[in-house]
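Chains as they are written, first to last, in my numbering: chain A, 1 to 319; chain B, 1 to 258.
Because the hints were derived from the structure by calculation, they are not lab data.
Among the clues, some could well be false.
Ranges of calculated distance between the beta carbons of each label pair, as one might list FRET restraints [as the list claims (entries may be wrong)]:
no. : chain 1 : residue 1 : chain 2 : residue 2 : range
1   : A       : 83        : B       : 104       : 25 to 31 Å
2   : A       : 189       : B       : 56        : 29 to 35 Å
3   : A       : 216       : B       : 81        : 33 to 39 Å
4   : A       : 201       : B       : 184       : 28 to 34 Å
5   : A       : 213       : B       : 56        : 33 to 39 Å
6   : B       : 22        : A       : 222       : 47 to 53 Å
7   : B       : 69        : A       : 290       : 29 to 35 Å
8   : B       : 24        : A       : 161       : 50 to 56 Å
9   : A       : 126       : B       : 81        : 46 to 52 Å
10  : A       : 126       : B       : 69        : 36 to 42 Å
Fair warning: this is a prediction, and the values are worked out from it, not measured in the lab.
Don't be surprised by glycine CBs; every beta carbon is placed ideally from N, CA and C.
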Amino acid sequence: MSNNVMVLCEHVGKRVTDSTYELIGKARELAGAFGGQVEVALFGPADLAEQLGGADVVVNVDDPSLAEYVPECYERALMHVLGEREPRLLLLANATIGLDLGAAISVSWQAPLAAYCVGLAAEGDTLVATCQILGGKIMAEVETEGTKAVATVVGGAFPTEPGQGSGSPEVVTVSVPDLGSVRMSLTQTFEAQGGDVDITSVDMLVSVGRGIGSQDNLETVEELATSLGVPLSASRPVIDSGWLPKSRQVGKSGLKVKPRAYLAFGISGAPEHLEGMRSAELIIACNTDEQAPIFEIAHYGTTVDLFDLVPAIVERVQG
Amino acid sequence: MRIVVPMKAVPDLVEEIELTSDGSGIDREYLKFVLNEWDDQALEEALLVKEAGDAEVIAVGLDSDPDIEQALYAALAKGADKAVKLTGAGEAPDTHARAEMLAGWLGDQGADLVITGVQSPDDLDGQLPPALGARMGLPHVSVVTSIEAGADAGTVRVRQEFSGGRSTELSVTLPAVVGLQAARQSPRYAPISRIRQMMQAGGIEEAPLSPASGTSGLRVRRMYAPESTGHAEMLTGSPDEVAAKIVELLSARGLVKG
Ligand SMILES: Cc1cc2nc3c(=O)[nH]c(=O)nc-3n(C[C@H](O)[C@H](O)[C@H](O)COP(=O)(O)OP(=O)(O)OC[C@H]3O[C@@H](n4cnc5c(N)ncnc54)[C@H](O)[C@@H]3O)c2cc1C
Ligand SMILES: Nc1ncnc2c1ncn2[C@@H]1O[C@H](COP(=O)(O)O)[C@@H](O)[C@H]1O
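Throw the hints in and build the complete structure from the sequences for me.
Below, the structure is given as structure tokens:
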């Protein structure tokens, strides 16, 4: 057992992700409190260690099977590294890799897992996590029992800067047992498809959620978008239903937008949606549920029914 | 191919969520429960796999989940071949307990593929698909948006999604566990009349579970609604009045000509 806090490094191509820096920053604080170091597990080529100046130690596993993310390869490698390094705490981003591995590591490594973390603190030897559940409507403050734990952290919960140190961490190389026996392999990768408009580069967005009810109803908000001369974006369910193309999706698995104004209609404000739009300069939300979490981050809100409000705005804009 | 779809009933997020008076958990008594929306996606994808080839789809639920029968009858009405309610699950089991109990039952079911929702909104201790995969020693992939027959017998091709809309395709050897993010098409609706027929036919089987022995290792100190430090300023009045205020906010920023 050590008092170290380990972060699993995620990278897209040759670039370490922001969420990794968010975790390293938090790991610095927690490792300080536990009296340990910040270790970053880096799978694939070691040259990315240059971007990990916020770590004390980079634990590198460079096996050809780890060049790309293959869930079972990563899981086995991570279990091996955990066995070798015995950290106090493992931090994962609550995105695809964390959703894939978090609970599996919790079961196999026999450590409690706190999911959807937006807060983490050390109280003496105890790790206390604040987790956001039920679509962001409820927060749960939990203690993890025992002397090791895993936490999956919501994107954007912590700042990136504290994790972007410029030190030169020690690089420790670990080799993993043969990964030849894994039962899955990567056959293709698909880059994101561009769309007719780039919703990340406009001043204002009219955004629509499941509250719109049906594809036919989209006309209402389309009219508003047209009269404002801005594109329509949407939450995931609208995209999954095939009502708008994927290039219009805002959120965790869609695009991150930062317009000067974001008008949200019939969007509840699930954490996965907020991840994509919380830094918009002005957020105005329309939702008939006064408890909807979108109101926690919106600057202005209204519980007027969108089907009454949208035509009224259109009328005013068209004058 | 035998596909098992574990389903869970969760609080309906459109409703107000009440907490117990000591603040240690949610008050389940008056809550409305609905099928976890991602389990609905999982069932849809299972039915698509069945329609594309030769598969048997078995929907399962735990008796601890309020109104789970409703979801099981709906699954039958949509085309599942069998629905099983597992009994003895205890009160409100967490993910770790669910995984342990389901793994116990799945042990002798001969399932080739277990497909369940990528997450459920109350997964405080993590998501079911990886927990189940690890428990059963099976390969598992989550955040999946399609499952199709693989190039080799005994494999499937799954598409796994990442942030920003990137995705990969993996070839996975069966048996395996998959966490479904979104099916290839919107979940089908089952006509109420057909669900009623299923209820009248009483087609849900029951099977006992061995209770879970492990714990999640989490101790909840308190639950609370988010503290509204940054709550939106609410615009009230008639739709027209609210519209006027919104247009004013936008024109003050030069975003509309007011
Ligand atoms: C791995 C993963 C990735 C995800 N990625 C994304 C992502 O990139 N983007 C994303 O958006 N989601 C994403 N999600 C899904 C996310 O969890 C939520 O399910 C989704 O954001 C909910 O969309 P919504 O707010 O439109 O729908 P709901 O949560 O169903 O909300 C609809 C809202 O409309 C309101 N409403 C209903 N009628 C009216 C009316 N007449 N007038 C006004 N309001 C009304 C309701 O009160 C409700 O709050 C992801 C989930 C997972 C697991
Ligand atoms: N899980 C879902 N995924 C995508 N769309 C959905 C889902 N559930 C409901 N919808 C859509 O949202 C609308 C309102 O749903 P509901 O309020 O559940 O009746 C329906 O017209 C559905 O098409």
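Does the Cβ-Cβ separation between residue 22 of chain B and residue 222 of chain A fall within 47 to 53 Å? Hint holds: Cβ distance 48 Å, inside 47 to 53 Å.
Look at the Cβ atoms of residue 216 of chain A and residue 81 of chain B and judge whether their distance stays inside 33 to 39 Å. 34 Å Cβ-Cβ, so the 33 to 39 Å window holds.
Consistency of beta-carbon spacing, residue 56 of chain B to residue 213 of chain A, with hint 33 to 39 Å: holds, 35 Å
When you take the CB atoms of residue 126 of chain A and residue 81 of chain B, is the distance between them in 46 to 52 Å? At roughly 48 Å between Cβ atoms, residue 81 of chain B and residue 126 of chain A fall inside 46 to 52 Å, so the hint holds.
Taking 29 to 35 Å as the stated bounds, is the beta-carbon spacing between residue 69 of chain B and residue 290 of chain A within them? At 32 Å between Cβs, range holds.
Given a hint of 29 to 35 Å, does the C-beta separation of residue 189 of chain A and residue 56 of chain B actually sit inside it? The hinted range 29 to 35 Å holds for residue 189 of chain A and residue 56 of chain B, with Cβ atoms some 33 Å apart.
Does 36 to 42 Å hold as the CB distance between residue 126 of chain A and residue 69 of chain B, or does it fail? holds, 41 Å
Lying within 28 to 34 Å: is that true of the beta-carbon distance residue 201 of chain A to residue 184 of chain B? Taking Cβ atoms as reference, residue 201 of chain A and residue 184 of chain B lie about 30 Å apart, which means the hint holds.
Taking the beta carbons of residue 24 of chain B and residue 161 of chain A, is their distance inside 50 to 56 Å? violated, 36 Å
Using the C-beta atoms of residue 83 of chain A and residue 104 of chain B, is the stated range 25 to 31 Å upheld? At 27 Å between Cβs, range holds.
In terms of the numbered hints stated before, the structure departs from hint 8 and from no other.
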